[in-house]
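Top line first, the protein sequences correspond to chains E and S. Count along the first sequence from 1, add 108, and you get the number used in the numbering used here. Count along the second sequence from 1, add 108, and you get the number used in the numbering used here.
Note that these hints are calculated values from the structure, not bench results. Treat the numbers as computed from the prediction; the structure is a model and nothing was measured. Just so it is clear, CB atoms sit at the ideal spot from N, CA and C, and this is done for glycine as well. The reader is advised that the hints may include incorrect statements.
As the list claims (entries may be wrong) - Stretches of chain S that chain E covers, calculated by requiring three or more beta carbons in the stretch to come under 8 Å of a beta carbon on chain E:
| id | segment |
| --- | --- |
| 1 | 179-187 |
| 2 | 191-198 |
| 3 | 202-209 |
| 4 | 240-248 |
What the hints assert, rightly or not - Sample of chain E residues at the chain S side, in silico, Cβ under 7 Å:
| id | residue |
| --- | --- |
| 5 | G172 |
| 6 | Y180 |
| 7 | A195 |
| 8 | H206 |
| 9 | Q254 |
Protein chains: 2
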Amino acid sequence: MKLYDCKPAPNPRRVRIFLAEKGVTLETVEVDLRNGEQFSPAYRALNPQCVVPYLVLDDGTGIGEVEAICRYIEETHPSPPLFGADAKEKALVAMWEHRSEHEGLYAVGEAARNLMKGFKDHALPGPHEHAQIPALVERGKTRALQFLAELDARLAASEYIAGPRFSIADITMLVAVDFLGWLKVSLPEDRPHLKRWYDAVAARPSAKA
Amino acid sequence: MKLYDCKPAPNPRRVRIFLAEKGVTLETVEVDLRNGEQFSPAYRALNPQCVVPYLVLDDGTGIGEVEAICRYIEETHPSPPLFGADAKEKALVAMWEHRSEHEGLYAVGEAARNLMKGFKDHALPGPHEHAQIPALVERGKTRALQFLAELDARLAASEYIAGPRFSIADITMLVAVDFLGWLKVSLPEDRPHLKRWYDAVAARPSAKA
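Use the sequences and the hints to build the structure in full.
In structure tokens form, the structure reads like this:
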């Protein structure tokens with residue numbers, strides 16, 4: 109099994125943290141996104157989506173999308189459960205993971221990809237070109253900050269985002285908050301519960317992955 | 109258990125088809141999205157996200173997000189599996205479901221919500237206002253058609269989107285293709301494998317749900 113990775117990028121970091129929480133080590137191959145290696149003929153032949161992370165199983169099957177890669181790890185290494193343990197917890201984790209991805213990480217990504225020069229003509233990930241749309245920079249930032257405000261209220265009553273247990277949703281939001289730093293936006297000062305949660309998850313050894 | 113639903117809307121239909129495939133019947137409450145009932149004080153108190161579908165468990169726990177509601181049903185009614193049966197199949201279903209949602213359904217939604225008068229100031233779902241951005245209409249359509257072209261190639265070699273077994277990804281894409289009809293875009297004529305797949309999934313009794 110091989111994981112195609114890129115150290116500085118937010119999405120592959122989600123998988124690395126997930127693996128570290130599971131205590132699983134995989135052979136990794138670094139893809140140089142900054143120099144466009146994802147669009148090279150060799151990488152495109154491997155993964156036509158031209159993105160990382162990408163997991164290639166021993167039988168050659170390619171698995172893309174962070175959630176799908178993490179699902180494979182969860183099924184093959186169930187402990188500790190990071191997608192929840194019973195039906196209700198699994199549903200709550202799925203809900204908060206979906207919201208964390210869309211309203212947190214992808215909102216930051218919307219701002220970053222429509223702003224930064226490195227994403228010119230690649231305002232969306234993937235093989236197709238999409239022009240940057242300046243109005244999405246503010247929209248993305250606004251959406252991310254709205255979600256952080258909601259999470260602050262949630263975390264007043266819940267140790268982790270999806271409930272009393274650390275889950276994939278915490279990984280996604282840790283990465284989202286650090287990604288916000290690319291836009292020079294730091295964690296809002298008036299969000300004490302979010303700050304308490306961030307300090308706790310950022311201090312876990314997996315956060316260095 | 110109660111499912112807050114809206115018959116004409118794409119996202120709740122995903123849950124209704126999922127339930128029909130499982131043979132599960134739930135008590136439903138119709139929410140009148142066309143007249144803004146989702147923003148009423150009563151609905152907002154129930155689900156501050158102001159969206160449907162929304163599942164309320166017997167203990168009062170609210171579950172939002174289509175994937176989370178379907179996950180709860182999958183865990184409590186495992187047969188037939190719609191999220192895959194073993195680790196590899198689960199990962200492939202997760203991958204194709206994620207792609208079908210983002211590159212299929214949400215791409216159509218991007219076009220529809222930035223175009224149609226009924227979505228004025230609500231170009232994104234949720235309680236916060238977001239202005240329509242005309243450039244996203246074409247981007248959304250383009251993205252959806254790019255994904256349909258890729259699916260046509262995929263379906264030349266695979267009976268269903270994620271593999272030989274019908275899954276949640278087929279449900280999401282059936283709803284996405286029908287949603288495309290709102291934009292007066294029909295299934296491209298030059299996609300025979302997509303057409304074969306569409307005719308098969310649209311003929312299942314669950315498609316009427």
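Hint by hint, here is what the structure shows:
no.	hint	verdict
1	179-187	holds (count 4)
2	191-198	holds (count 4)
3	202-209	holds (count 4)
4	240-248	holds (count 4)
5	G172	holds (6 Å)
6	Y180	holds (4 Å)
7	A195	holds (4 Å)
8	H206	holds (4 Å)
9	Q254	holds (6 Å)
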